[in-house]
Structure formats: C-alpha cells, structure tokens
Amino acid sequence: MEELTAWERVKRARSSERPTSIDYISGIFDRFMELHGDRVCRDDGAIVGGIARIEGIMVTVIGEQKGRTLKQNQKRNFGMPYPDGYRKALRLMKQAEKFGRPIICFVDTPGAFCGIEAEERGQGEAIARNLYEMSALKVPVLSIFIGEGGSGGALALAVANEVWMLENATYSILSPEGFASILWKDGKRANEAAGVMKITAEDLKELHIVERVFGESLPQKEEEPDGFAADGWGTMLENGALTADGDDTKQEDTEDEEEEPNVLNRDNMELVAGQLREGILEFLRVYHRKTPTQIVQERYERFRRF
Amino acid sequence: MGEKSKKGDFMADAFAEPQVPDGLFQKCEKCGEIICSEDVVTNYHTCPNCQAYFRVPPRARISMVADKGSFIEWDMGLPVSDPLKFPGYLEKLEHMRQVTGIDEAVLTGAVRIDGMPVAIGVMAASFMMGSMGEIVGEKLTRMIERATRERLPIVIFCSSGGARMQEGIVSLMQMAKTAGALKRHSDAGLYYVSVLTDPTTGGVVASFAMLGDTILAEPGALIGFAGPRVIEQTIGQKLPEGFQRSEFLLEHGFVDKIVKRERMKKTLSFLIEGSGGEKPSLVRTFAAPVPPQEKVEID
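Chains as they are written, first to last, in our numbering: chain P, 1 to 306; chain C, 1001 to 1299.
Careful: at least some of the hints might be erroneous.
Stated by the list, open to error - Below are the DSS-like pairs computed for lysine-lysine, each with C-alpha atoms no more than 30 Å apart in a straight line: (1) P/Lys94 x C/Lys1265; (2) P/Lys138 x C/Lys1295; (3) P/Lys290 x C/Lys1238; (4) C/Lys1177 x P/Lys205; (5) P/Lys71 x C/Lys1177; (6) P/Lys71 x P/Lys188; (7) P/Lys98 x C/Lys1260; (8) P/Lys75 x C/Lys1183; (9) P/Lys138 x C/Lys1238; (10) P/Lys198 x C/Lys1238; (11) C/Lys1085 x P/Lys94; (12) P/Lys94 x C/Lys1238; (13) P/Lys94 x C/Lys1295; (14) P/Lys138 x C/Lys1266; (15) P/Lys75 x C/Lys1238; (16) C/Lys1260 x P/Lys71; (17) P/Lys75 x C/Lys1177.
Derived from the structure by calculation, the hints contain no laboratory data.
As the structure is a prediction and not an experimental result, all values here were calculated from the model.
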C-alpha cells in the first residue's frame, strides 16, 4: 500500500477521476441490466441497480453513483441519494431475496442528500427501513466501498455479511469537515480531523469494521513504449507480478514527471476490477454453502458485536 | 376506461379490415408516409419511416417474444357473461370475435422463451379496447393459478382501456380477483413481469398491470389510471407534453425499464433467467460457467 495521510486518501476517495459504481459494474460483471424506480415517487439517479451475471451466476447489483460532469451530476446528484434511491435499493434487494440472488453493493457517497424534499419524503425513515430489512435478508450481501462512505447514507447499503474497501476508500460517521466543525467549531481543520477519525481502509480493517482491503497500487503499463516492454518487465507487470509493492525505481521516477500517475482511474482500473471479480466469485462460492438461517445469523452477529 | 358504444363502433370499423393486408400499402398515421405493409410486419409492427409503434395483434405479439411454435393456448371459449343484460352487448361481442379472430380481449397460454417455460397473457386492444370483463379476468386468473400450480413465471402484455363498462360492477371485481391470484403466485416465490403497451389505463393499471415484480414498458405508451381527457375536464387544465407516457412513469419510479420491441425477447429472457426458477442462481450455475459475452445495459 502507498504511504498517504488520511486526508490525502480522503482527497483520492473524492477525486472525480476515480472509477464510479458503473465503471466497476462494467469491469466486473459479464452482463448487467439496469432496473429503475421505487414504485412510489421517483427514480433516483444517485443509485443504480439491476440484475447482473457473473460466470453464469445471477446476482443483484446496487451502487451509489456519482457523475463526472455537471450534467451527469444533475442526474446523479453527486452520489447523494434521496429517500427514493434507498427505497429503490430496498425494492431490488427484497426481489433478490425472493429469487435467491446474492446482493453486491457498491458504496460511494458523500452522504444521503440533505434537503427539504428529502426530509418531506422521509430520508431518515428510508435509511432506517433499509437497515431493518437488510438485517434479515436471507441471501448473502456483500458491500464494497469504492470511494466515499459517508455516514448513514453509506450504511444504508452496507448491512452486509462482508464489507470490503478499496485502499483509498473512506467510511466515516461524518465528513471530516463536519466532524471538525462540530467538535472544534472549525470546518477548516478537516485535514486534522481526518487524521483522528479512523476513516481509512487500513484503520477500519484493524477495528474489524471491514473484512478485506484491496490495494490500488498499479503497474506502470504506460511506460512500456519508453523501452520497458522489450526486456520482459511489461509481461511481468501484465501478469500482476509486481502489483502489490510496485517498488522498482521506475515507478518513483515517474511520480515526479506527471501528476500522480499511480492514481486509480477509469483507464487503469482493470487490475483492481479483476481482483474484485475474483474476490466476488470466491465470496459467492463460500456463501453458496451456507443456509439462509446461517447467512442471516452471521450478518446479525457481525453487527451485534459492535 | 371502457368505451361507449359510439366509440366502440368506431373501433369495430377501424378493425373491420385486416390490420396489415398482405402485399399492400398503408398510410402511417404518425408521419403520413405510405408504407409497405410487409415492412411493417417484419419491422416489429413499427413504421419503417418514422419508427412509430403500431398496436400489435396478440398472436403477432406472441411470435415476437416466444420460441417458434411453442405457444399452447389455454381456456378458449369460456361462456359469455352478460350480467347487466346490456342492450346489444352479446351481438357486439359476437361481431368483435368475427372481426378480430380471437374469442376475447386476452389470449392466455404457455410459451417458451429461449427454452424456458413461461405462462403468458396477451391483451388485444383491437377487441373492445382490450377492456376487462368477466372473461378477461377469468382467463387471466386461471392462467395465474395454473402458473402457480405448475411453478411457472408469468409474462402479461397489457393493453387495455380499463374495466369493461358493459358488465358494470362485475368488471370491477376482476381487479380484485386477478390481484388476489397474483399475490398467491408471488407468495409461492414465483416471478411475474408485466409489460405495459399503448394504452394501459383504468382498472387494468389499478390491478395486475402494476403488480409485476418487474414492470417493463414500450416507448411512448400511454399509461395511467384516469385517462388524460378525463383529467383535463376534471381539473380544467391542459396537461403537459409527455404526461402519462412511459418515460414519465420511468422518471416517477413506476417502471423498471423501457424496452424497444426488437429487444423485448432478449430482455424477458435475461430477466426470467435471473428469477425464473425456485432457487435459481447458485445451485445450477457453478456447474457450467458461461463465458463472458454480452454487455452492460445502463439507461
């Protein structure tokens, strides 16, 4: 893993270059069909959901979705769901339960949306209902934090049998800005707040909030044309031989040349997506052997122990 | 809602000729272009010029989504009911039967979709605006009950003006009857896809059309409880463009997905594969992994 401060990781988690739920869904699953609507009021663009196939296994996939451009964010609301989004997610999860499909959630939200309409339609109730119903789902649930995990807005998709995080994803009770503002009456001390909040994947793994952390360090494929392909490095990098540490000097060289070439984005996410795919298949194999009662009980105990 | 006799006669006249006469030309009502009828049929009953969606006769609809030759029709020729002794109703029914070649406003039966057995109901707008009276309700309910017994998923293509006025309160009861049967089907862990086509309104919307585990819609279909004209008269306002169309319902959270005709079979197949059997996914799948082939559908 890279040596970064908590605040640097927060910035990575928030970066608009970072792959979104749809990018992971495209990169991991063989086929995905999006389904819409809460059957009450609205289809919330901040949450995407549907049915996917992976190695012939049908699963339900739900993700919080950020936009990259202003236009996309009009639809995605910067990944901040309304109650309608949580109700859509719950509708799809209950259907997954009915038809025995495991559920895979991608979490990436600054938080549930704050606003007049969101309150009128019961933001609190919607999140509470998700926690309540998810605690008893008879199918396995896996939640993967790929970016920001903002508070209740994240937890509403994360009452899972296992919770995984990417190296630079975060999960917290509140944004560091909010935390600093409440405790120290100074939102500008967010940097400092991030340091004490234990919001990084590594910290959360230690606290047993998450089961697995996936590294984001990347092989330097870009360099091959500069002469590295010929001597066999390219192949080794392709094979993932150097992925975890990537400690050769070449990598350090390039860090100064361009701004952060090592940062995870849509173009270089293939390896991470591949690792997640392998992880998901392993998860499905393990949980396939468990009975619904076992699955519910384990999930209950996972949260009971906190 | 159901149509008065004047409108009904008009509908009967409109369908007095076969919809797509062999080897002839017809005029698209949307773009005004003269188009070859054969092209319309091969083009999923859409206008080859402007892509407008024409209403699809029920048997053509079945052939568009079912495996070739797999349709087995159920519950034909149920005895006619005329609870109100409504003047001229029986004659009208008989006339509609001759004109449309089907026995009521819905066909039910079993088909295979990509090899998977499915119970199906297809409504016919050409038959008294697809209105639901006792026989329509009974055919659908028998189909749903049989699907529950035989553990089959259900697909219903809806297209209806609503409850059939000529049968009065008995038509209203069909809403409760079909809804109750679907509840049992669902409680048995079985899957139901409702497909909304133009138009789906009134008592059909307020019962089985909106009860699908998954609700699909064709593009641009009129879908609503009260018809637009009734609403405009009631509230004294002009309705906005696109009100009560499929896209409006999608935005308001009532439709899972809008599906074009040429994609309908593939879409149904994938959905049924994902929800079709009792404990579908994990058990059967580890045995035979399928190589990655298709893409991601986000809309």
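Going through the hints against the structure:
1. P/Lys94 x C/Lys1265: holds, 25 Å
2. P/Lys138 x C/Lys1295: Given that 30 Å is the threshold and the Cα spacing comes to 29 Å, the pair holds.
3. P/Lys290 x C/Lys1238: The given pair, whose Cα atoms are some 57 Å apart, is violated under the 30 Å limit.
4. C/Lys1177 x P/Lys205: Violated - the C-alpha atoms of P/Lys205 and C/Lys1177 are around 54 Å apart, more than 30 Å.
5. P/Lys71 x C/Lys1177: Violated, at about 46 Å.
6. P/Lys71 x P/Lys188: holds, 29 Å
7. P/Lys98 x C/Lys1260: holds, 27 Å
8. P/Lys75 x C/Lys1183: At roughly 35 Å apart (the allowed maximum being 30 Å), C/Lys1183 and P/Lys75 break the hint.
9. P/Lys138 x C/Lys1238: violated, 48 Å
10. P/Lys198 x C/Lys1238: violated, 56 Å
11. C/Lys1085 x P/Lys94: Judged against 30 Å, a Cα distance of about 46 Å means the pair is violated.
12. P/Lys94 x C/Lys1238: Given that 30 Å is the threshold and the Cα spacing comes to 39 Å, the pair is violated.
13. P/Lys94 x C/Lys1295: With Cα atoms ~25 Å apart, P/Lys94 and C/Lys1295 stay inside 30 Å; holds.
14. P/Lys138 x C/Lys1266: holds, 29 Å
15. P/Lys75 x C/Lys1238: Given that 30 Å is the threshold and the Cα spacing comes to 28 Å, the pair holds.
16. C/Lys1260 x P/Lys71: holds, 26 Å
17. P/Lys75 x C/Lys1177: violated, 40 Å
Checked against the numbered hints above, the structure breaks hints 3, 4, 5, 8, 9, 10, 11, 12, 17 and satisfies the rest.
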